[in-house]
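> One-letter residues, chain by chain:
There are 2 protein chains.
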Amino acid sequence: MKYGVAIFPSKKLQDLANSYRKRYDTKYAFIPPHITLKQTFEATDMEISTVAERLKDIAKKFQPFKLNVTKAKSFQPVSNTIYFKVELSEELQELHVALHDEKFCKSESEHAFVPHITIAQDLSDNEHSDVLGQLSMLDVSHEEEVKRIHLLYQLEDGAWTVYETFRLGAE
Amino acid sequence: MKYGVAIFPSKKLQDLANSYRKRYDTKYAFIPPHITLKQTFEATDMEISTVAERLKDIAKKFQPFKLNVTKAKSFQPVSNTIYFKVELSEELQELHVALHDEKFCKSESEHAFVPHITIAQDLSDNEHSDVLGQLSMLDVSHEEEVKRIHLLYQLEDGAWTVYETFRLGAE
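Protein chains in written order, with the working numbering: chain U, 1 to 171; chain A, 1 to 171.
Calculated directly from the structure, the hints in this document are not laboratory data. Warning: the hint list may mix true and false statements.
[Said to hold, decoys possible] Residues from chain A that face chain U, not an exhaustive set, calculated with beta carbons under 10 Å: (1) Asp15; (2) Asn18; (3) Lys22; (4) Phe113; (5) Leu151; (6) Gln154; (7) Ala159; (8) Thr161; (9) Tyr163; (10) Arg167.
[Claimed, not checked] Each pair of labels, with its calculated beta carbon distance range: (11) U:Asp139 x A:Asp45: 52 to 58 Å; (12) U:Ser124 x A:Ser19: 28 to 34 Å; (13) U:Gln134 x A:Asp57: 24 to 30 Å; (14) A:Lys61 x U:Gln93: 36 to 42 Å; (15) U:Glu42 x A:Gln76: 38 to 44 Å; (16) A:Lys12 x U:Leu138: 40 to 46 Å; (17) A:Glu143 x U:Glu156: 18 to 24 Å; (18) U:Glu127 x A:Val78: 41 to 47 Å.
Since we're looking at a predicted model, the values are computed, not measured. Idealized CB from N, CA, C, for every residue including glycine.
All chains should be built: construct the whole structure from the sequences, respecting the hints.
If you want it as structure tokens, here you go:
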């Protein structure tokens with residue numbers, strides 16, 4: 001089964017992201033607005049309870065931390081994906097490292113961690129320019145506190161369901 | 001903000017439900033297949049942490065329990081909603097009672113609890129007959145274990161995000 005780890009930001013930020021995603025994100029219906037901490041990885045039904053326990057332990061070691069969204073950006077020329085840029089804080093970096101340590105669970109090495117909330121993807125070049133143009137003029141700066149992380153799994157149709165959430169710093 | 005409490009069944013059952021929901025459920029994109037334990041209720045940002053604490057306490061008092069899906073049924077003549085019927089076990093009944101006790105959080109009285117997984121809604125009468133006819137011939141009997149319950153909140157576009165999950169019987 002396919003799993004992933006993500007942060008769901010506040011309703012306020014999700015509502016803002018969804019006002020764009022509704023029109024511009026082909027994955028809109030598959031998952032609420034989120035910040036991916038660990039990309040899709042495979043685990044069996046047996047393995048996942050161990051993974052969940054380890055994730056619980058990792059979450060315990062972190063305290064709730066501030067998350068800052070600064071502006072809308074694009075992954076061009078790599079892809080036409082537009083996103084809200086999330087500041088790479090020390091805590092996000094450490095969380096990312098902990099989730100990619102082999103003590104947590106094996107996973108492919110990946111690109112540098114660029115924390116973000118996707119708001120548009122699979123756009124044509126014209127759409128991409130239009131949407132990015134609109135969004136560049138928008139002040140999306142926003143700060144909030146991250147209190148929990150989510151372990152999710154993917155259904156056959158591509159949609160994601162939450163398996164379990166873990167409070168940061170919880171006893 | 002609008003909150004609700006639900007059980008997400010196993011991936012296997014969700015995949016089966018979604019194979020129908022994709023075509024026949026207008027709320028398909030808003031939430032994965034689920035069993036509602038407590039209908040939408042209002043809570044402020046302040047109240048919800050207390051609600052979450054109480055839900056954690058309630059979850060602790062229950063042990064994981066068996067969930068049985070028996071067949072596809074319809075809410076007609078009340079509505080054209082088709083669902084997988086979930087057997088009303090003692091545990092489900094007690095969980096439902098605990099979530100509607102005023103010690104948990106105030107909520108409107110509602111109809112008798114008919115645990116179910118919606119697979120089709122807002123169908124025309126013809127579609128309803130067709131789909132129900134197809135599904136009646138299908139053996140959907142299924143048993144699994146419920147290990148956790150989910151507290152969700154609703155975004156402005158109608159979609160639901162998981163706020164937190166609670167393990168049944170957890171320390």
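> For each hint given before, does the structure comply? Return the numbers of the non-compliant ones in rising order.
Result: hints 4, 11, 13 break, sorted rising.
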